[in-house]
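As a plain string of letters, each chain reads:
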Amino acid sequence: MNDPTNKAIGKPLDRVDGRLKVTGAARYAAEFPLKNMAHAVLVQSAIAKGRITNIDTSAAQKSPGVLAVITHLNAPKLASPQSGGGDSSGGDAQVTAANAQSGESGSAGGENPFEKPVPVLQSDQINFYGQHIGVVVAETLEQARHAATLLRVTYREERPATVMAANLANAYKPQSLLIPLKPDTQRGDIQGGLKAADVQVDHTYTTPNEHHQPMEAHATTAVWDGGQLTLYDSSQNVNGVQKTVANTLRIPPENIRVIASFVGGGFGSKYPVRGHTILAAIAAQQVKRPVKLVVTREQMFTSVGFRSHSSQRIRLGAKKDGKLTAISHEIHTQTSVFEEFIEHVGVATPMLYDTQNLLVTHRGVRLNLPTPTIMRAPGESPGMFAFESAMDELAYALKLDPIELRLRNEPERDLEKGLPWSSRSLVESFRQGAKSFGWERRNPEPRSMRDGRYLIGMGTATATYPTNRMPSSAKVRLLADGSAQVYLAATDIGTGTYTMLTQIAADALGIPTERVRVEIGDTKMPRTPGSGGSWGAASYGSAVQSACVAVRAKILGMARLDPRSPLKGLSNVGMDIREGRIFSKRDSSRGETYQEILARNNLKVTEAEVESTPDEAAKKYSMHAFGAQFAQVRVDPDLGMVRVTRFLGTYGAGRILNPKTARSQMIGGIIMGIGMALHEETVVDDRYGHFVNHNLGEYHVPVHADIPAIEAFFVKENDPHVNPLGIKGVGEIGIVGVAAAVANAVYHATGKRIRDLPITPDKLL
Amino acid sequence: MKLRIKRRRFGQLMIASTLVTAIANFPQRTFAQKKLLSPTPPSSMEASSVPVKLRVNGAEHALEIDPRVTLLDALRERIGLTGTKKGCDHGQCGACTVLVDGRRINSCLTLAVMQEGAAITTIEGLAQGDKLHPMQAAFIKHDGFQCGYCTPGQICSAVGLLNEGHAKTDDEVRELMSGNICRCGAYPNIVNAIQEARSQQT
Ligand code: FES
Ligand code: FES
Chain A
139 MNDPTNKAIG KPLDRVDGRL KVTGAARYAA EFPLKNMAHA VLVQSAIAKG RITNIDTSAA
199 QKSPGVLAVI THLNAPKLAS PQSGGGDSSG GDAQVTAANA QSGESGSAGG ENPFEKPVPV
259 LQSDQINFYG QHIGVVVAET LEQARHAATL LRVTYREERP ATVMAANLAN AYKPQSLLIP
319 LKPDTQRGDI QGGLKAADVQ VDHTYTTPNE HHQPMEAHAT TAVWDGGQLT LYDSSQNVNG
379 VQKTVANTLR IPPENIRVIA SFVGGGFGSK YPVRGHTILA AIAAQQVKRP VKLVVTREQM
439 FTSVGFRSHS SQRIRLGAKK DGKLTAISHE IHTQTSVFEE FIEHVGVATP MLYDTQNLLV
499 THRGVRLNLP TPTIMRAPGE SPGMFAFESA MDELAYALKL DPIELRLRNE PERDLEKGLP
559 WSSRSLVESF RQGAKSFGWE RRNPEPRSMR DGRYLIGMGT ATATYPTNRM PSSAKVRLLA
619 DGSAQVYLAA TDIGTGTYTM LTQIAADALG IPTERVRVEI GDTKMPRTPG SGGSWGAASY
679 GSAVQSACVA VRAKILGMAR LDPRSPLKGL SNVGMDIREG RIFSKRDSSR GETYQEILAR
739 NNLKVTEAEV ESTPDEAAKK YSMHAFGAQF AQVRVDPDLG MVRVTRFLGT YGAGRILNPK
799 TARSQMIGGI IMGIGMALHE ETVVDDRYGH FVNHNLGEYH VPVHADIPAI EAFFVKENDP
859 HVNPLGIKGV GEIGIVGVAA AVANAVYHAT GKRIRDLPIT PDKLL
Chain B
17 MKLRIKRRRF GQLMIASTLV TAIANFPQRT FAQKKLLSPT PPSSMEASSV PVKLRVNGAE
77 HALEIDPRVT LLDALRERIG LTGTKKGCDH GQCGACTVLV DGRRINSCLT LAVMQEGAAI
137 TTIEGLAQGD KLHPMQAAFI KHDGFQCGYC TPGQICSAVG LLNEGHAKTD DEVRELMSGN
197 ICRCGAYPNI VNAIQEARSQ QT
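Top to bottom, those sequences are chains A and B. For what it's worth, our numbering labels the leading residue of the first sequence as 139, then goes sequentially. For what it's worth, our numbering labels the leading residue of the second sequence as 17, then goes sequentially.
One chain only, chain A, in its complex shape:
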């Protein structure tokens, strides 16, 4: 009775929300039909630094259908992050709560950075191009959109700092990063280690500004009913929205309900609360009607965060046999002038390979751009591009196979934390991945492999992502008809939350998946963390599992003590459940169903709500998923065009709850990684500080034609330490190392090492 029967877990169940999604019935934040809805449109600054000297709203006010024009001149006073409830001292608008790594359990200071107030329209100060300076509310979207163009704004403009490379002299050492990693990490003697090396590499790599751009633009529908506020919000973190909005508007969180039944992607941008959500709430209050506010695709570039440009100098030293003697990773990234988010780009470096001598440093540069934020595998994603490119360079310098180089530096334990691995399948991932990819067919000589006039290259890189788990609660109700309902605040941003929780509940209760209904995305339900940090499955799953166990125990308790029950007197271990029927292990004819037990006890429902917290024992291990990425590219030697023609990822990520949806997550991560490698770059106009290519025509995310057949599989990994279900999480590892694998393949194909992403044709010609 202790183990779930495991009938559903591990099966490639089709998404339980699939039907709603393919028929258009799934409702996203801007799709709840409400009577008397008004429409809001954002107005944003046209300068990057300075002050608003005047806003003339008269024409907009008079425009047909306009209900309200809100600017800093008439916006309500909001709490600021500094005061937590007072004056926003000059600093101002748009202070998103972005500056925290997805609320990781260890984040310092006690105060959750994702719950800090988000003041908007609080002063005349402009800190970046595209800052919200107003919102126009009208009867229809067309009327609001037109009126928004009628605002006459006058600025006193100052020269902005917008490009990191030009401002490196002002780089500073941040107080802290957003996860429990210090800005500087040092181990052993880096200079000594480099001196002791037979071979060294020393290069600087850069990654550009990148934007999440989920297909559903951020949107909020706000409805007031007296003092009660309901927000339909495209959010990865409904409890975070509830708290943040409460703190900003200074109302009790109990007065706020946040609903996010379906979320059209997020990738980090929808974790923190953004200014537009606050503006929707304010606007609805002012016009006393429901208000819908959808951020436009152009506004998405300045309104919801992005991944910072990074510049990373890597120095590696190794003995002739490949043993690393030193790893140095010095990182510069940018933050905004009004708040701090310094991405933990070097997070994976200290633990990845076996070396005694290590240095990792993070420095920040303040620019008049929006504050960067977490984006799929924050830290690992840019950091591992640089580090794993450098490892490939080292392999070539040593004339060693790149996989062999990694195997020779496989650490026995996490040298930074001084802890054993809960499990680590890097070697196994490389072994199985190389075999299935056909790595042995690779001639290591650059430019040696061809297909007609095309150059062919193969490259590989390591992937890794930490295993996280957060406190989470869940409620499970078993009904008289033998079906179950599962409730928790959690979100499904495409990650398969609905489906995998259905599987977990089905197994824990011993009923078929069709008898389970999961409801999530609502603060009315038990509190959970948001979807981020790849902790959804482990956190939500553990809570649902415990709640199911509690419900089952209640029902079995009733039966065991009931003289009318055939199960009377049996112990927990003496029973088994299948298809909702509980029976004696010794004599399966002796048993009865949930329905029978509930009916006899005159119960319509039995329920349990639990809060599940991470196990202390887990702290005794270093817990990460690992994997190996393999890319094959085809390069046109005349045009410099790179196509990824084949990609394979192999991962050890603990127990896989649903191989179908988990594989999709990995493929999705790989595709975003291919975008990072070849296409994605947001270009800043250094005169005005605006993102030049702020649309999907010019910010190139991968499209169908860019993506070949992709393979992804998991090596078998049984990790008893991470959490009772053995889950490591699969949301982010898929993207890690992909850009490096592609860049390494491009080097193999062309003999040209591209150290600045994205790898565009001009860099190869």
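Calculated from the structure, these hints are not laboratory results. Do not rely on the hints blindly, as some may be mistaken.
As the list claims (entries may be wrong) - Using 25 Å as the maximum straight-line C-alpha spacing, the simulated BS3-like pairs for lysine-lysine come out as follows: (1) A/K798 - B/K69; (2) A/K613 - A/K145; (3) B/K157 - A/K145; (4) A/K742 - A/K662; (5) A/K537 - A/K149; (6) A/K613 - A/K662; (7) A/K613 - A/K692; (8) A/K537 - A/K458; (9) A/K333 - A/K537; (10) A/K173 - B/K69; (11) A/K426 - A/K662; (12) B/K157 - A/K798; (13) A/K461 - A/K537; (14) A/K320 - A/K173; (15) B/K69 - A/K149.
Position chain B with the ligands against the provided structure of chain A, taking the given hints into account.
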């Protein structure tokens, strides 16, 4: 394919030209942010709405709408068919794809008043009662989506693609589906779903 190369190369040229542009001076200029295309149209013109009849999924909808309303916004905001998605409002993502007289179009790029008399099919109109359209069923089977936001557009586009009848190989499907962006990255599964639906068709 050729078009795509051009688009990308054009982007690079633009980027290059931005970088070589001289840095401007900022002696604390004061200037006004205003609409580039003034003058304001007379308010009577904006306030006026026009009658339009739209035939969506076989049902007729008589609307009185602002002539600026796109087909996409008419579907979502006026008729209440929110299955058709808005991803960019600029013809750059395909989330708003619907079928008009059997052909796939971006509904954000056409005004509702231009579609009077046309037979419009949205994602809500593909299933026959409880029975899913084979393309919808194939998307579920092959996990051709994650967040589901691009999905109605992908499915309508895929149905339109099969109507066009010229996509056979995987590469052709990829090329001709490239107007439909999926940021979740479900592309390989979408291609498999389309190929299965195509094979069932013949
Ligand atoms: S919304 Fe129409 S193409 Fe993007
Ligand atoms: S499924 Fe999320 S964008 Fe395609």
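Each hint, compared with the structure:
1. A/K798 - B/K69: violated (44 Å)
2. A/K613 - A/K145: Holds: A/K613 and A/K145 sit about 22 Å apart, inside 25 Å.
3. B/K157 - A/K145: holds (20 Å)
4. A/K742 - A/K662: holds (22 Å)
5. A/K537 - A/K149: violated (44 Å)
6. A/K613 - A/K662: Roughly 11 Å separates the two Cα atoms, so the pair holds.
7. A/K613 - A/K692: Roughly 14 Å separates the two Cα atoms, so the pair holds.
8. A/K537 - A/K458: This hinted pair holds, its Cα atoms lying about 9 Å apart.
9. A/K333 - A/K537: Holds: A/K333 and A/K537 sit about 20 Å apart, inside 25 Å.
10. A/K173 - B/K69: holds (23 Å)
11. A/K426 - A/K662: holds (23 Å)
12. B/K157 - A/K798: holds (10 Å)
13. A/K461 - A/K537: holds (13 Å)
14. A/K320 - A/K173: Violated. A/K320 to A/K173 sits at ~51 Å, over the 25 Å cutoff.
15. B/K69 - A/K149: violated (48 Å)
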